[in-house]
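Read off the chains here:
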Amino acid sequence: MGVILTFVVAFVAIAGVAAYFVTETYTSPNAPSGIEVAKSLGTAVVNGQTLPHVALQFQTYPDASGTVNGKAIHPGGNPSWPAYGLVNQFQVPAHALVTVTVQQYDSGGSLNNPWFANVHGTVGGTAVFTTPSGKTTVANHWDPDNIGHTFTMRSAPGVDSNFFLNVPLPTNENLPTGSSNDDAGQHYTVTFSFISGSKGVYAWNCEFPCGSMVASFGGVMGAYGYMSGFVHVV
Amino acid sequence: MSFEEQVDDIEANTLLGGQPFFSRAGGKIFIIWLVFTVVGVLIGAYAPHHLLPGLLSSEGGDVWATVVVFTVLAAPVAAFVYAVGFYSLIAWRHRSDDPDVPPPDGAPQRGNGPVTVLWLSISTFLVVVLLFWGITVWSAQQTTHPNTLQVNVTGQQWVWTYSYPGTGVETRTLELPLNRPVQFNITSVDVTHGFWPAALGVQVDANPGEVTVIRTTPNKLGSFIVQCSQLCGLYHAFMNNQAAVVTSQQFDSWLQTHGATSSAANTDADISSGASTTAMNK
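Residue numbers (my numbering), protein chains in the order written: chain A, 1 to 234; chain B, 1 to 282.
Here chain A stands alone, though its shape is the one from the complex (with noise of 0.2 angstroms):
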């Protein structure tokens, strides 16, 4: 009887260890909570093919404990780390386009390995780069030394190896004053399009060494949900 009631105690233990990490990977405390549906535009032809039409809009923060419109950019969020919001995770269809428009309110600097100043995996292959005066520039690269940061994505293992996402966003030398963000209005529009991998989930972060520590890849860069989270593709 004893026996049994141990290896039923460790089993329990061990599943309830489990269960805590997997729950932890999607639920942290300090994360942003949620997940954007994009919103639907309808259809758009691309090489010929139909596809549905979706589109997302999200921003990057200097100051990940400020508040947009009142909603906390990271509940809890370090007062000296950037990063994205207000929702880390986003939901896509399988296969369709997206239109994604990231507004960027954060300084920068050079990046690490300058093969992430380049545009990978958009339609077309470029994005378009919008200053915060209204001049706009249609681009496959950006200055490697002038980057705030990034945002690159690739699936799972198993699920499309194939897919892979990589968007560089400028420097923005305009920094909102203050902890909070509300008044973040000068910032670099940064849009592209790209056709979504099949169904799964994929992982997004910025490659922007943008922490500390290590190669600048600790602290910000080492927690999740500032400059990472997930996309889920149904």
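These are calculated hints, taken from the structure and not from any lab test. Please note that the accuracy of each hint is not assured.
[As the list claims (entries may be wrong)] In the SDA-like style, the derived pairs of lysine to any residue whose C-alpha atoms are separated by at most 25 angstroms in a straight line are:
hint, chain 1, residue 1, chain 2, residue 2
1, B, K220, A, P157
2, A, K199, B, T173
3, A, K199, B, Q242
4, B, K220, B, Q256
5, B, K220, B, T116
6, A, K39, A, N69
7, B, K220, B, T173
8, B, K220, A, N162
9, A, K199, B, Q142
10, A, K199, B, A237
11, A, K135, A, H120
12, B, K220, A, G158
13, A, K199, B, Q227
14, A, K199, B, H236
15, A, K71, A, Q103
16, A, K71, A, V87
17, B, K28, B, V41
18, A, K135, A, S110
19, A, K199, B, R172
20, B, K28, B, T116
21, A, K39, A, Q57
22, A, K199, B, S223
23, A, K199, B, Y82
24, B, K220, A, S161
25, A, K39, A, S110
26, A, K39, A, T50
27, B, K220, B, V151
28, B, K220, B, V169
29, A, K199, B, I225
[What the hints assert, rightly or not] Sample of chain B residues with no beta-carbon within 10 angstroms of chain A, all distances over it, derived:
hint, residue
30, P76
31, G113
32, L126
33, V137
The C-beta atom is built at its ideal place from N, Cα and C for all residues, glycine as well.
Guided by the hints, dock chain B onto chain A, whose structure is given.
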């Protein structure tokens, strides 16, 4: 059973006790060892067929053979440890009704010369054989060949990038021509990663600030996965990419579609990192 009776029982059941061989503890352990050894050897001989990926290089074949030989040679040793442990747990478990009474010790083995010599001789023989085998296989991977294709491999959280010096091509997918020797110059720009195209029989750490060199020759067409083998942070599990061994014509065409500015006939070690170089044969 009194304490003295338990001691007598253990001594009578030892390898050199007075009972017939297969009735003594040593005989029973031998039978268990034999069964475990056969199982271990069968696993070592056949499991790699199912666990290892399809091999696309001659070096991969050497690594595969090493895994098989090392597992088969280790099977009797591991089986002996498991057999003694298994038998001890069952036959020599503490049987006293009083949990406060400790089990008696067995006969001391100190000073048993033949056992010590046998143990040291077998261990030395196995270690020397494995060392010789390992160095021989490893040396084969360090051999330089003419017309070697240079590929610079850079690891970064959580992406591999590959550049082909002299061509202007830099990609996230690895493409290699058939039957042409390849030299990988591997480094990292942040933390330590592990460059692991298992199908090529290659697994090397990508260390920040250093370039590590390893060579292989793809000898079969096919696709495979490059995976990071060092836990490198949040999305370590996502740090993989598609790779393929293709014909030389397909490779040249692939280079062109990826913006090659010249042919792939780069044979000089044009290592992009300014860091020190660590060749594996140093």
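How the hints compare with the structure:
no.	hint	result
1	B:K220 - A:P157	holds, 24 angstroms
2	A:K199 - B:T173	holds, 21 angstroms
3	A:K199 - B:Q242	holds, 18 angstroms
4	B:K220 - B:Q256	holds, 22 angstroms
5	B:K220 - B:T116	violated, 49 angstroms
6	A:K39 - A:N69	holds, 20 angstroms
7	B:K220 - B:T173	holds, 18 angstroms
8	B:K220 - A:N162	holds, 22 angstroms
9	A:K199 - B:Q142	violated, 43 angstroms
10	A:K199 - B:A237	holds, 18 angstroms
11	A:K135 - A:H120	holds, 23 angstroms
12	B:K220 - A:G158	holds, 23 angstroms
13	A:K199 - B:Q227	holds, 21 angstroms
14	A:K199 - B:H236	holds, 21 angstroms
15	A:K71 - A:Q103	holds, 17 angstroms
16	A:K71 - A:V87	holds, 11 angstroms
17	B:K28 - B:V41	holds, 20 angstroms
18	A:K135 - A:S110	holds, 23 angstroms
19	A:K199 - B:R172	holds, 22 angstroms
20	B:K28 - B:T116	holds, 22 angstroms
21	A:K39 - A:Q57	holds, 9 angstroms
22	A:K199 - B:S223	holds, 22 angstroms
23	A:K199 - B:Y82	violated, 46 angstroms
24	B:K220 - A:S161	holds, 21 angstroms
25	A:K39 - A:S110	violated, 33 angstroms
26	A:K39 - A:T50	holds, 17 angstroms
27	B:K220 - B:V151	holds, 19 angstroms
28	B:K220 - B:V169	holds, 23 angstroms
29	A:K199 - B:I225	holds, 20 angstroms
30	P76	holds, 31 angstroms
31	G113	holds, 42 angstroms
32	L126	holds, 35 angstroms
33	V137	holds, 29 angstroms
Comparing the model with each earlier hint shows violations of hints 5, 9, 23 and 25; every other hint is respected.
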